[in-house]
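**Q** Sequence:
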Amino acid sequence: MKRHYTLSGILLMAFLFATSYIAIGQQANPYLSFDNGIQQFTDHMSTLPARETDNGGEEFYKIGFTFPGAAVANTTVNGTGYQYLHIEGFAKMGQIGAPALPAHNEVIAMPPGATAQISIVNSTYYEYDGYMIHPTLEPARDTYGAPEPEFWIDENIYNKNEFFPKDIVEVTNIMLLRGIPLAVTQIRPVQFNPVTGKIRVYTQIEFRLEYKGSNT
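Read left to right, the sequence shown gives residues 33 to 248 (this note's numbering).
One or more of the hints may lead you astray.
[Stated by the list, open to error] Cut-off 30 Å, straight-line C-alpha distance, at most; resulting in silico cross-link-like pairs (DSS-like, lysine-lysine): (1) 94 with 244; (2) 124 with 94; (3) 124 with 192; (4) 230 with 124; (5) 124 with 198; (6) 244 with 192; (7) 192 with 230; (8) 94 with 198; (9) 230 with 198.
Don't read these hints as lab results, they were simulated from the structure.
Fair warning: this is a prediction, and the values are worked out from it, not measured in the lab.
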């Protein structure tokens, strides 16, 4: 007996397959609860942080993040195990050879003539051992037949007995748009000590971007 499939039916099956594949792939990875440690994914778990803001007018802009956890992806390079930590809505720090840790940029408009100063209002973290975070590699070239990016570790960072990055919130750039300064502010909820293999994960980061020396 022949089966006849409508276009809508085929699209529905493709959608269900794709969503099931994504869910299975996510749940196959361990889930690092920032306050409870490694667990297996369940349907109620999420890595999406909550975000709150407070506009202080001409004086400051406050942002608060609450982080539930991260998905852990394990990989092996030259016999050494490495991890990626994935947080929904967050990319990775882009310094080549440095740990590829989650990061998110906020672009905040400031009053004309103002400079930016970061003030950490509140932060809470937990620490976990046994990690070796994979380094950030050169971007892959979008050319047919191009080789994969070369694996490279910045030994100056990975041989230091200290947490990277130093700052969990940092203004990485100031841009001007029609005379308005825009502060590119990077939030980094995970720090990593390559020598001890310890990660420091933040369940809460609340900071103020304070405007100094504005013309208003």
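**Q** Does each hint fit the structure? Answer for all of them.
**A** These are the hints, each one checked on the structure:
Restraint check for residue 94 and residue 244: the C-alpha separation of about 15 Å stays at or below 30 Å, so the hint holds. A hinted pair counts as satisfied when its Cα atoms are at most 30 Å apart, and residue 124 with residue 94 qualifies at roughly 23 Å. A threshold of 30 Å between alpha carbons decides the hint, and for residue 124 with residue 192 the separation of about 21 Å falls inside it, so the pair holds. Distance restraint check for residue 230 and residue 124: the Cα-Cα separation of roughly 18 Å lies within the 30 Å cut-off, and the hinted pair is therefore satisfied.
Taking the CA atoms of residue 124 and residue 198, the gap is about 16 Å. The hint holds against a cut of 30 Å. A hinted pair counts as satisfied when its Cα atoms are at most 30 Å apart, and residue 244 with residue 192 does not qualify at roughly 34 Å. Only pairs whose Cα atoms come within 30 Å are accepted, and residue 192 paired with residue 230 is accepted, the gap being roughly 12 Å. Taking the CA atoms of residue 94 and residue 198, the gap is about 21 Å. The hint holds against a cut of 30 Å.
Simply put, residue 230 and residue 198 have alpha-carbon atoms about 14 Å apart, close enough for the 30 Å limit, and the pair holds.
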